[in-house]
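Undergrad: My request is simple: use the sequences and hints to build the entire structure.
In our numbering, the protein residues as written are 19 to 175.
A few of these clues could be false.
[What the hints assert, rightly or not] Listed next, the in silico DSS-like pairs over lysine-lysine satisfying Cα-Cα at most 25 Å (straight line):
no., residue 1, residue 2
1, Lys156, Lys96
2, Lys134, Lys152
3, Lys152, Lys65
4, Lys84, Lys134
5, Lys156, Lys134
6, Lys88, Lys152
7, Lys152, Lys91
8, Lys91, Lys134
9, Lys96, Lys86
10, Lys96, Lys84
11, Lys86, Lys152
12, Lys156, Lys65
If you are wondering where the hints come from, they were derived from the structure by calculation, not from laboratory data.
Being a predicted model, the structure only gives us computed values, none of them experimental.
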Amino acid sequence: MACYLLARHEIVQNTLRERIYEVINQNEGAFPYSSCDDIEYLDLVIKETLRLYAPVSIIERHLQHKLKIKFSKRCVPKRAHVTIPICGIHRDPEFYENPGAFDPNRFLRRPPPVEKFLPFGMGNRSCIGEAFAKMVTKIILVHIVGSFDIAVCHSTK
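TA: Structure (structure tokens):
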């Protein structure tokens, strides 16, 4: 999805490409893996892609203990089935201004609270593959965006 979003948003794609080229120029034409973490804009593009298109749309849990809800007097009983709508949270205008827009800079202007950005879940039951997925995504995007102009097909609407 990141490549599609970059194809649809040429300014974002060009900004990312410029950041990639800066790192390549600083490293005499090479792009060492350790430099992936030096491109903040790459992280922003990935976060915004994951916000719009999370790997899973919901997280489900069976509670082992009674759960007190923050800012409420209510509790969820032990053994209750709880569904967390990740896509709903990620597109809620209360937490994200203009939630349908692809805007990587939103994470610079107003980073969401950690519990409002859940593409891999959170806590001790979060996805064990999160770091690996991010690493692979960074490497792939650096190679694709650094080597090609990405464009949508003329018939894509």
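Undergrad: Now, for every hint given, state plainly whether the structure supports it.
TA: Do the hints match the structure? See the list:
1. Lys156 <-> Lys96: violated, 40 Å
2. Lys134 <-> Lys152: holds, 19 Å
3. Lys152 <-> Lys65: Status holds; Cα separation ~10 Å.
4. Lys84 <-> Lys134: holds, 22 Å
5. Lys156 <-> Lys134: Holds - the C-alpha atoms of Lys134 and Lys156 are around 23 Å apart, at most 25 Å.
6. Lys88 <-> Lys152: Judged against 25 Å, a Cα distance of about 30 Å means the pair is violated.
7. Lys152 <-> Lys91: Distance of about 38 Å is beyond 25 Å: violated.
8. Lys91 <-> Lys134: holds, 21 Å
9. Lys96 <-> Lys86: At roughly 11 Å apart (the allowed maximum being 25 Å), Lys86 and Lys96 satisfy the hint.
10. Lys96 <-> Lys84: holds, 4 Å
11. Lys86 <-> Lys152: violated, 33 Å
12. Lys156 <-> Lys65: OK: Lys156 and Lys65 at ~11 Å, within 25 Å.
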